[in-house]
Amino acid sequence: EAGVAQSPRYKIIEKRQSVAFWCNPISGHATLYWYQQILGQGPKLLIQFQNNGVVDDSQLPKDRFSAERLKGVDSTLKIQPAKLEDSAVYLCASTPTATSSYEQYFGPGTRLTVT
Amino acid sequence: GNSVTQMEGPVTLSEEAFLTINCTYTATGYPSLFWYVQYPGEGLQLLLKATKADDKGSNKGFEATYRKETTSFHLEKGSVQVSDSAVYFCALTRLTGGGNKLTFGTGTQLKVEL
Chain A
1 EAGVAQSPRY
11 KIIEKRQSVA
21 FWCNPISGHA
31 TLYWYQQILG
41 QGPKLLIQFQ
51 NNGVVDDSQL
61 PKDRFSAERL
71 KGVDSTLKIQ
81 PAKLEDSAVY
91 LCASTPTATS
101 SYEQYFGPGT
111 RLTVT
Chain B
1 GNSVTQMEGP
11 VTLSEEAFLT
21 INCTYTATGY
31 PSLFWYVQYP
41 GEGLQLLLKA
51 TKADDKGSNK
61 GFEATYRKET
71 TSFHLEKGSV
81 QVSDSAVYFC
91 ALTRLTGGGN
101 KLTFGTGTQL
111 KVEL
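Residue numbers (my numbering), protein chains in the order written: chain A, 1 to 115; chain B, 1 to 114.
Just chain B, same shape as in the assembly (with noise of 0.2 Å):
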């Protein structure tokens, strides 16, 4: 079955600081891949998205690449701040007949200390 593995946290950064959150799957099929963030207190968000082989997702700094090499999509971000405090999830979904089904990784915490 779909699987996705992410890197343990708590990670500790300074601001300014360089990320990588690492993400590595295990699916059938061509699925998409996604970052989802959950800010303190707050639901989900897509942070961002890549849907084949190659493509590149980036948002608000944060970027990851889809490698179907080594099955990855690990997450980064040149300068980290305070404000990226929070879990981020990798996820994969893999399209049935009724739907989209998301498979999340465990999640990694991050904080952003001054």
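Same shape as in the complex, but just chain A (with noise of 0.2 Å):
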């Protein structure tokens, strides 16, 4: 079974600019996560959800943050503009539904640098 994929796995960029990763969950998982992990500090949830839909976003910073689940298999996190505080590990980590396991199965992460 092919575990969680992520792409890029790091990203250098300049504060103001704009970056996007890209996370594909196991098959068949229907609850997707996006957490943020400052060197440090364990992750933090930014946003979950359920098949295409939000299911919590409420640490999300939405003025400059956004994802996405458009057919509810594969998403899409964005920064824009990214600020040097958002300097972090992005990670992406799924379960097959919402409350048949406990288990999050988590994708290697993008390290994201902002100068």
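Careful, some of the hints might be misleading.
To be verified - Simulated crosslink set (DSSO-like; lysine-lysine; CA at most 30 Å straight-line): (1) Lys56(B) <-> Lys77(B); (2) Lys44(A) <-> Lys111(B); (3) Lys83(A) <-> Lys44(A); (4) Lys101(B) <-> Lys78(A).
Quick caveat, the hints were computed from the structure, so don't treat them as lab data.
Once you've looked at the hints, go ahead and assemble the two chains, each given alone in its own frame, into the complex.
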């Protein structure tokens, strides 16, 4: 079974530029999560999708961050414009359904550096 | 709100030493508790979990017991190996209407030396 795929693995941009990250969850997983992991901290949930609908985006900085999962499969997270404090690893995770399993399966992450 | 506190690292041990990484939590209701591990250059992986009080999760020689009376979920291993060097995250989940939401601790880096 293929795991959660993310791309790119690394990205370096200047502040005020835009960036997008892509995630393809495990096949058949209905629930998808995006996390932000700042160096030295634990991951923080940004947004959770159930199929193509948003379940929780309470911690997403909506003035600059956006995310979509149009067909209920892969997802894109965008930052526009980026700030220095956005430097972090962005993790994508998925679960089969909302309630059938407590385990989240994580991708390798995208390391973003904003200069 | 929910929160997880774990001991700060880095923790440096010699191979075959005993490992304890402390984790305490604050949560409403009855959360499930997890330990995730992040090896260098890799994504987070579930190490073990416990879903109710007094449950013991175990995997790869690691163990943790869900202690509701002390709100703790300490990670232990009797004899660590160099290959156990990684960052360990304690986490809890509270099932919401749309799915499980993980709250992580800050992570503890473990380095095992020969």
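Structure-based check of all given hints:
no. : hint                   : verdict
1   : Lys56(B) <-> Lys77(B)  : holds, 13 Å
2   : Lys44(A) <-> Lys111(B) : holds, 24 Å
3   : Lys83(A) <-> Lys44(A)  : holds, 17 Å
4   : Lys101(B) <-> Lys78(A) : holds, 21 Å
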